[in-house]
Amino acid sequence: MTTEHPAEVRGTARGAGAPVVLSEPADAPDLAERLRAGLAEAEPAAVLLFASPGADLPALAAHLGPALGTRVVGCSSAGEFACGGYGHGHVVAVGLPAARFRTEAVWLRNLAGLGVSEWMAELRALFSRFEVQPRRHRFGLLLIDGLSRQEELVAATVDAVAHRLPVLGGSAGDGLRFEETCLVLDGESHRDSAIFALFETDFALEQVIFDHFTPSGSRMVVTAAVPEERLILEINAEPAAEEYARLIGLAPEALNPRVFAENPLLVRMGGQYHVRAIREVTPEGGLTLMSSIESGVLLALGRADDLTHGLQARLEALGERPALILAFDCILRRLALEQAGLEPAVARLFADWRIAGFNTYGEQHGGVHVNQTFVGLALMEPAHAA
Numbered sequence: 040m041t042t043e044h045p046a047e048v049r050g051t052a053r054g055a056g057a058p059v060v061l062s063e064p065a066d067a068p069d070l071a072e073r074l075r076a077g078l079a080e081a082e083p084a085a086v087l088l089f090a091s092p093g094a095d096l097p098a099l100a101a102h103l104g105p106a107l108g109t110r111v112v113g114c115s116s117a118g119e120f121a122c123g124g125y126g127h128g129h130v131v132a133v134g135l136p137a138a139r140f141r142t143e144a145v146w147l148r149n150l151a152g153l154g155v156s157e158w159m160a161e162l163r164a165l166f167s168r169f170e171v172q173p174r175r176h177r178f179g180l181l182l183i184d185g186l187s188r189q190e191e192l193v194a195a196t197v198d199a200v201a202h203r204l205p206v207l208g209g210s211a212g213d214g215l216r217f218e219e220t221c222l223v224l225d226g227e228s229h230r231d232s233a234i235f236a237l238f239e240t241d242f243a244l245e246q247v248i249f250d251h252f253t254p255s256g257s258r259m260v261v262t263a264a265v266p267e268e269r270l271i272l273e274i275n276a277e278p279a280a281e282e283y284a285r286l287i288g289l290a291p292e293a294l295n296p297r298v299f300a301e302n303p304l305l306v307r308m309g310g311q312y313h314v315r316a317i318r319e320v321t322p323e324g325g326l327t328l329m330s331s332i333e334s335g336v337l338l339a340l341g342r343a344d345d346l347t348h349g350l351q352a353r354l355e356a357l358g359e360r361p362a363l364i365l366a367f368d369c370i371l372r373r374l375a376l377e378q379a380g381l382e383p384a385v386a387r388l389f390a391d392w393r394i395a396g397f398n399t400y401g402e403q404h405g406g407v408h409v410n411q412t413f414v415g416l417a418l419m420e421p422a423h424a425a
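The letter at position 168 of the sequence shown is residue 207 when you use the numbering used here, and the numbering goes up by one with no holes.
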């Protein structure tokens with residue numbers, strides 16, 4: 040079941056210059072014009088597009104950029120949300136008004152070639168031409184090809200250049216097909232790439248990070264893996280899928296994305312547990328993950344805590360309602376919420392707290408790549424910042 044979100048959610052009710060959020064069906068015949076008309080009132084410095092794989096994202100970006108005189112940054116998704124429940128088959132557009140935002144953006148290309156030196160040069164050039172203005176705040180948006188298997192390296196590279204700048208983002212998706220993703224910057228689209236966009240705003244910023252898992256009593260060790268393929272061959276010296284299934288009490292043939300969403304693997308790093316989500320079982324009985332893994336790593340099975348109350352408590356800690364929370368929410372978290380029948384509760388939270396974004400193949404924040412985590416950036420009026 041999917042909770043439909045409203046076709047249009049405007050930000051002006053929260054004050055002049057608030058972001059404008061739109062959601063339209065990806066197959067609407069006049070989609071480009073509907074988005075242009077709805078975004079025009081924001082006079083945007085940038086438009087963010089998060090789109091169903093069925094949308095012609097490059098064509099939309101090529102139309103909206105010149106028509107609105109704005110930068111366009113976007114990617115394909117595994118699902119979308121716009122200040123309401125999860126949706127499928129939509130295009131979500133966020134207009135960031137030029138009165139309150141300034142932006143620059145660059146491509147980080149050839150992820151397979153591990154072009155770290157070139158990426159750093161591009162990033163340093165971007166930062167050098169983006170002069171800091173007084174009483175304004177900066178943040179970075181990082182969108183990465185979710186099939187590249189290079190999110191860890193890209194996120195760490197950006198963090199090395201950006202230093203203490205808050206950088207958040209998500210891995211572009213392709214529904215649950217895992218076949219091809221799309222990223223766009225203005226009128227261009229490149230495969231095997233990432234986009235880094237640097238923003239400056241007079242909104243106060245606060246990160247909202249939440250996952251809902253704690254380690255259970257089951258511990259395991261990766262005894263054989265292929266790190267470059269994010270592939271576990273053996274757990275506890277047994278075929279990976281068989282041992283994982285045994286530990287969660289299921290037959291190997293019962294494993295599917297919803298089971299993976301409810302029973303993730305956890306790895307401890309820097310004193311915290313991070314999710315290493317499972318993408319699929321290979322024909323040979325291995326487990327392909329959505330994050331990096333190596334032989335010798337100790338893992339725990341994740342036990343789900345409350346799926347929504349913890350997020351609600353974190354949101355309430357913000358105090359006043361934000362103008363917008365730009366969010367990246369893992370597709371496996373969404374599957375777990377749907378399995379639990381919690382779509383109405385999610386819809387209320389996303390509407391009440393003006394949460395818009397897309398479902399990802401993984402999330403980036405603080406220079407790391409994670410899974411099954413809600414990663415958000417709240418844009419708060421300065422007087423109301425928590």
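Since the hints were derived computationally from the structure, they do not count as laboratory data. Glycine residues also receive a C-beta, built at the ideal position from the N, C-alpha and C atoms. Just to be clear, a hint being listed does not mean it is correct.
Claimed, not checked - Distance windows between CB atoms, simulated:
| hint | residue 1 | residue 2 | range |
| --- | --- | --- | --- |
| 1 | A356 | R174 | 38 to 48 Å |
| 2 | I248 | L381 | 32 to 42 Å |
| 3 | G288 | E143 | 45 to 55 Å |
| 4 | R174 | A67 | 37 to 47 Å |
| 5 | A352 | M159 | 51 to 61 Å |
| 6 | G108 | R168 | 18 to 28 Å |
| 7 | G405 | S167 | 22 to 32 Å |
| 8 | E355 | D69 | 38 to 48 Å |
| 9 | E170 | R285 | 54 to 64 Å |
| 10 | R307 | M159 | 24 to 34 Å |
| 11 | R203 | E420 | 32 to 42 Å |
Each hint, compared with the structure:
no.	hint	verdict
1	A356 x R174: 38 to 48 Å	violated, 24 Å
2	I248 x L381: 32 to 42 Å	violated, 19 Å
3	G288 x E143: 45 to 55 Å	holds, 51 Å
4	R174 x A67: 37 to 47 Å	holds, 40 Å
5	A352 x M159: 51 to 61 Å	violated, 39 Å
6	G108 x R168: 18 to 28 Å	holds, 20 Å
7	G405 x S167: 22 to 32 Å	holds, 23 Å
8	E355 x D69: 38 to 48 Å	holds, 40 Å
9	E170 x R285: 54 to 64 Å	holds, 58 Å
10	R307 x M159: 24 to 34 Å	holds, 29 Å
11	R203 x E420: 32 to 42 Å	violated, 23 Å
Hints 1, 2, 5 and 11 from the list above are not met by this structure, while the remaining hints are.
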